[in-house]
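> As a plain string of letters, each chain reads:
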Amino acid sequence: MADFEYLSPEGLRSDGRRPQELRVLSCNISHCLQADGSAYLQQGNTRVIATVYGPHDVSRRSEAQHDKAFINCQFSMATFSTSERKKRPTGDKSCLETSLALKKTFEAAILTDTYPHSKIDIFVQILQSDGSDKAVSINAITMALIDAGIPMKDYVCATSVTLINDTPIVDLNYFEERGPGPELIVGTLPKSGKIVFLQVNSRLHIDNMEKVLKEGMNGNQRVHTILDTLIKKHLEKSILT
Amino acid sequence: MLTSKTFVKKTKKGNVLKVVREHYLRDDVHCGVRDCSLCKDCPDGPSLDPSPLTHSTLCQYPHFLLPDTNICLHQIDFLEDPSVHNVILTQVVLQEVRNINPGIHRRLRDIVSNKARKFYVFSNEHHKEAYVERRENEGANDRNDRAIRACCQWYNIHLAKGLETTPPPRVILLTNDRENKRRASAAGIESYTVLEYVQSLTVSSHLLDRLATIADGEDSDKSSTRKKVYFPEHLALSVIQRGLKTGKYLQGAFRGSRENYLEGFVSIPSLEKWVLVQGLENMNRAVHDDVVAVELFPESSWTSPCGIIEADLTSNKEEEETDTAQLPAGKTSDPSLVQPTGKVVGIIKRNWRPYCGTLLPLQDMKGFRHTFVPAERRIPRIRIETRQGPNLLGKRIMVSIDAWSRLARFPSGHFVKELGPIGDRETENEVLLLEHDVPHLPFSPAVLKDLPQTPWVITDEEISKRLDLRHLSICSVDPPGCTDIDDALHYRELDNGNVEVGVHIADVSHFIRPKTALDEEASNRGTTVYLAEKRIDMVPELLSSNLCSLRSGEERLAFSVLWEMSPDDAHIVSTRFVKTVIESKESLTYAEAQMKIDDKSLRDDVTTSLRGLNSLAKILKGRRLEAGALTLASPEIRFEIDSETHDPIDLINKELKETNSLVEEFMLLANVSVAEAIYEAFPDCALLRRHPPPPTSNYDILLKAAKGKGFDLIVDSAKSLADSLEMARIPDNEYFNTLLRIMATRCMMQAVYFCSGSITYKEYHHYGLAAPIYTHFTSPIRRYSDIIVHRLLAVSIDSDVTYPLLLDKHHTQQLSNHLNHRHKMAQYAQRSSVSLHTHLFFKEKDKVEDGFVLLVRRNAIQVIIPAYGIEGSIFFDEHGQSALQYDESLLSLTVSGTKFCLFDKVVVRIAVEKKDLQTSKLALCLVSPVISGSNGVESLKAKKKKHK
Ligand SMILES: [Zn+2]
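Chains A and B, in that order, are what the protein sequence lines are.
Counting from 1, position 119 in the first sequence corresponds to residue 119 in the UniProt record's numbering; the numbering is continuous, with no gaps.
Counting from 1, position 783 in the second sequence corresponds to residue 783 in the UniProt record's numbering; the numbering is continuous, with no gaps.
Keep in mind that the hints were calculated from the coordinates and are not lab data.
Any given hint could turn out to be false.
Below, computed lysine to aspartate or glutamate pairings styled on EDC-like, alpha-carbon distance capped at 16 angstroms [unchecked claim]:
id, chain 1, residue 1, chain 2, residue 2
1, B, K128, A, D15
2, A, K191, A, D154
3, A, K191, A, D207
4, B, K181, B, E196
5, B, K40, A, E10
6, B, K417, B, E888
7, B, K618, B, E555
8, A, K103, A, E63
9, B, K515, A, E63
10, B, K228, B, E281
11, B, K515, A, E107
12, B, K115, A, E10
13, A, K214, A, E5
14, B, K245, B, E295
15, A, K68, A, E107
Between beta-carbon pairs, the in silico distance windows are [said to hold, decoys possible]:
id, chain 1, residue 1, chain 2, residue 2, range
16, B, D460, A, F175, 53 to 59 angstroms
17, A, A78, B, T760, 44 to 50 angstroms
18, B, A627, A, N201, 57 to 63 angstroms
19, B, I759, A, F175, 27 to 33 angstroms
20, B, S267, A, F175, 41 to 47 angstroms
21, A, N201, B, P102, 26 to 32 angstroms
22, B, A116, A, T167, 22 to 28 angstroms
23, B, L625, A, N201, 57 to 63 angstroms
24, B, P43, A, D154, 49 to 55 angstroms
25, A, N201, B, T760, 45 to 51 angstroms
26, A, D113, B, P43, 34 to 40 angstroms
27, A, T167, B, K449, 21 to 27 angstroms
28, A, N201, B, S615, 40 to 46 angstroms
29, B, R34, A, S192, 51 to 57 angstroms
For each residue, glycine too, the CB sits at the ideal point set by N, CA and C.
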């Protein structure tokens, strides 16, 4: 069998996108009225729901910090999110790892010193997984945090990137993610270009690092433009109603 | 620009999985025509002419051709013809071709990338307007045909709007499928079969010959019910796949037998022994190298190969009659010879390629129908139609197979090209290079551009980065006439009583940098191929014979391995790898080096170095043999070639001197040291070489042969095999031991390159050399593997940088597979070349020589002639003699009372036998022992044998 053609010589990916093209991104903000902030974000077939509670009082004393807010982050995957139905208790090791990584990311973006002695809860769940789960989660959390009115340095935007025949391609779907190339997921604060999340799966040669990273950051700029437009539209709508 | 992003969900159901994929449709896919006012931004520039020329009487307006999948698959030679321009390939067609035949897909891609050919790939599957969705209850093929027609329609409308030329070009659908054609004309699309189209051309009439002979659809099957059916039907792929899962069928590569065209084997990875397939019906149209599904017979009807060597495939007999004859059943009494036996039930993948060969001479060559005889014995004859019959007689030609119907005894094909006259050295070389897939075109300008500027000097800056060893007495020892010297040695005593030994290898990776055209070319070639009278270089001559050749008196860049050793036991105290600059003091031949060592009066530096190296080499060799390394034998001969006519004038058995082994020992040592070093630095992606131990059943013949002479060989380890081989000697037959070793060599597996990350450390073992880890480092001029190893080693000592592919495990494994293929093919090509030259050598000669029986078959004995290192079969006619008695347990054949056993000495006459213009071959005739009434004796006078 010939290898799967991830990128045709005509420059089209297997789903018809060009290498640097994102999937269709849409977002439903404030859908959950109980929460302080919420967002249902969809990038292609990857669907993520993020809810934010807080800032509120710490539930345990040990969580209290005198100079900044405590961030709690829980990442989970719905049992029906992948094509093979699996039991995924929230205590799944890789979920825990992701939770921790997301917590660190948003600690760097939220102005935590505005809320000493308090706590912010972030819950993010993958409803349908079709690649780039972590990047989409970050984008969804950003939207939910903005909806909750929690002050941040900037949007946090994230994209996944891989290399196919030396061409970087961004916003991977499930098939591309499972492909032979190394996957890099980068989350940045678009205005400053500061990196707040970076993960590389499998070996990425140092010579390719710069090119892949650059394309990821470019992707984040595009994600930023879309998210910004969506937020503005949402605000217009809520003012009108 | 992407304005709308409608997407359609495609559902693909596997077992229980439901996979949903996004499918984006775009409005920025270019139509590929220059000057189109509707389309913008074509990535590689539009390749189609706005008003293509027409030479067709059928469609006298400008048009583009749009072939369907079957045309691409079967008429690739037509599409490849340079006179065919302005063709639109749709994505749906390319994808289908890719799934069915990756080889043809590659060829199509090659055409597309050649801008002069004006082929354009239209990504219709992602085109907003040309995309069609599969309807309910619509088969995949029907949907694809509809998609192709939709493309034609879209183009016709689009071109009328977007181009200012009048009349606007139209699209012609090329299809041989009647239904598709009917629907096309109903939809207002002009469509023709390839034959109709080509016949209508006013130019390039040669195209007719290049057309594959495919009947339209299935019609020929129906109309000729009275025609004889030769073969059972092949099972459908879906049935095969189900059968493979349940284990009812097995999948493997079909290997035609070299000895008998009525036999073949299927090598199945899970079985130790190959599956035997006997008879045309059971082989069921499988061609050598095809991937097939076999069904095993019940074990009770398993048998063994018939053991009859089909002597004469080239005779002009009426096969239609005789070939339905069955093979004599393998009358085996020895259960150890029984092999799994079965039949081919279906073809999983054809691996047909263009074949070289000749036309079978007929009384009347003017007719259209001809039979093609491939040079490769394992390929069946091919029926072709050509108008050039009389022209092609006496020529080597190339032919492709198109199809093999159940109603035909032979596959049908078409003429591809003419190579040249039979017997012409150039043509014959071309044939053997083509047949063994050896890339041999001159290096392209792009490759030559990557070469260093001449005159080339080593800059001081370069010297400052390297260890300067120009003062050392370095010398090289090679076969006479060697111009690509890739290794040199030195030896000197150190103050602490130890000695320093250096192996200096040409620093080829300094010149061949990754990602250059030069690197790609070398990687593709993989190895230099040595033919009897010429060499097909892996890298251009400037490097191979000059800048990288460590010639005496020239300053050269080298990659050196330096050992500190104790002189008494050759114990390695330390090893160092370093990039150096050296100047060899002398380039010696093996004989010259030997003379220097032996000449007691010589006391110069080079000579003392050689003596020191020689004594260390003896210790190293002793230690290697102690560990169980094998010394095997294969007859190696070399031709003395006339420098003007290039005819071989003498055959020389390659003679091994002590100095051969001197150089070899240090090369082995360097390879082992380097293997350890790169494995330590890159445990996942080191390129290594391993030699798996053969399965014990491989030794069956050898054991039986030795047993016949009263020796028990022990094969449970390399060491015991080596020891017992050493013991097996017969006083009055010196050659016996060599024969045994030749046979043992043939039991061995191939040594292969692999990527260290792909298997476990235990499997790295090199059986023949008894080394736990091994690689190739010492011949970077002629092996690409060594270049990779150089790069890895250079990185590990911080003298070079990595690049992505070097550390890519999958890529290294793929490269290993590619290099293994190239090396195997190079070896075969070398062998063919030797036999071609042996043939030329004996053309005017008639020699009588001693030979030994190497193999006994039911109707023949195979004889090896040590003086020339050649082998051949002597056939005995079943009918002409009283009886042929074959004893497979003793491996003997009795012909009219004369018994031939393995290792028996015989006297044979060697001569070239020439039957007609087309065929001549090297034949052996028996001179002694004399067999009454034997054709062998007759042939002494007649110089002609009749086999059947
Ligand atoms: Zn156009």
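> For every hint, state whether the structure bears it out.
Structure-based check of all given hints:
Of the pairs offered as hints, the one joining K128 of chain B and D15 of chain A holds, with about 13 angstroms between alpha carbons and a cut-off of 16 angstroms not exceeded. As the CA atoms of K191 of chain A and D154 of chain A are separated by approximately 7 angstroms, the hinted pair is consistent with the 16 angstroms bound. At roughly 26 angstroms between alpha-carbon atoms, K191 of chain A and D207 of chain A are farther apart than 16 angstroms, so this suggested pair is violated. A C-alpha spacing of about 13 angstroms is found between K181 of chain B and E196 of chain B, which places the hinted pair at or below 16 angstroms, so the restraint holds.
With a CA separation close to 15 angstroms, the supplied pair K40 of chain B and E10 of chain A stays within the 16 angstroms bound. Using a Cα cut-off of 16 angstroms, the hinted pair K417 of chain B and E888 of chain B is violated, with the two alpha carbons roughly 46 angstroms apart. Between K618 of chain B and E555 of chain B the CA atoms are separated by roughly 30 angstroms; this puts the pair beyond 16 angstroms, and the hint is violated. Distance check on the hinted pair: K103 of chain A and E63 of chain A sit about 14 angstroms apart at the alpha-carbon level, within 16 angstroms; holds.
Distance check on the hinted pair: K515 of chain B and E63 of chain A sit about 55 angstroms apart at the alpha-carbon level, beyond 16 angstroms; violated. Restraint check for K228 of chain B and E281 of chain B: the C-alpha separation of about 13 angstroms stays at or below 16 angstroms, so the hint holds. Restraint check: the Cα-Cα separation between K515 of chain B and E107 of chain A comes to about 43 angstroms, which exceeds 16 angstroms; the hinted pair is violated. Taken as a hint, the K115 of chain B and E10 of chain A pair is honoured in the structure, with Cα atoms around 14 angstroms apart against an allowance of 16 angstroms.
Restraint check: the Cα-Cα separation between K214 of chain A and E5 of chain A comes to about 24 angstroms, which exceeds 16 angstroms; the hinted pair is violated. With a C-alpha separation of about 13 angstroms, the suggested pairing of K245 of chain B with E295 of chain B holds against the 16 angstroms cut-off. A C-alpha spacing of about 10 angstroms is found between K68 of chain A and E107 of chain A, which places the hinted pair at or below 16 angstroms, so the restraint holds. The hinted range of 53 to 59 angstroms is satisfied by D460 of chain B and F175 of chain A, whose Cβ atoms lie roughly 54 angstroms apart.
For the hinted restraint 44 to 50 angstroms between A78 of chain A and T760 of chain B, the CB-CB distance of approximately 39 angstroms leaves it violated. Between A627 of chain B and N201 of chain A the beta carbon distance is about 43 angstroms. The supplied range of 57 to 63 angstroms is therefore violated. Between I759 of chain B and F175 of chain A the CB atoms are about 28 angstroms apart, so this pair conforms to the stated range of 27 to 33 angstroms. Checked against the hint of 41 to 47 angstroms, the pair S267 of chain B and F175 of chain A fails, with Cβ atoms roughly 33 angstroms apart.
Checked against the hint of 26 to 32 angstroms, the pair N201 of chain A and P102 of chain B passes, with Cβ atoms roughly 29 angstroms apart. The given range of 22 to 28 angstroms is respected by A116 of chain B and T167 of chain A, whose C-beta atoms sit roughly 26 angstroms from each other. The hinted range of 57 to 63 angstroms is not satisfied by L625 of chain B and N201 of chain A, whose Cβ atoms lie roughly 49 angstroms apart. Remark: the range hint 49 to 55 angstroms for P43 of chain B to D154 of chain A is contradicted by a beta-carbon distance near 35 angstroms.
The supplied range of 45 to 51 angstroms is broken by N201 of chain A and T760 of chain B, whose beta-carbon atoms lie about 24 angstroms from each other. Distance hint for D113 of chain A and P43 of chain B: a CB-CB separation of about 50 angstroms, inconsistent with the stated range 34 to 40 angstroms. Checked against the hint of 21 to 27 angstroms, the C-beta distance between T167 of chain A and K449 of chain B comes to roughly 25 angstroms, which is consistent with it. At roughly 55 angstroms, the beta carbons of N201 of chain A and S615 of chain B sit outside the given window of 40 to 46 angstroms.
Checked against the hint of 51 to 57 angstroms, the pair R34 of chain B and S192 of chain A fails, with Cβ atoms roughly 46 angstroms apart.
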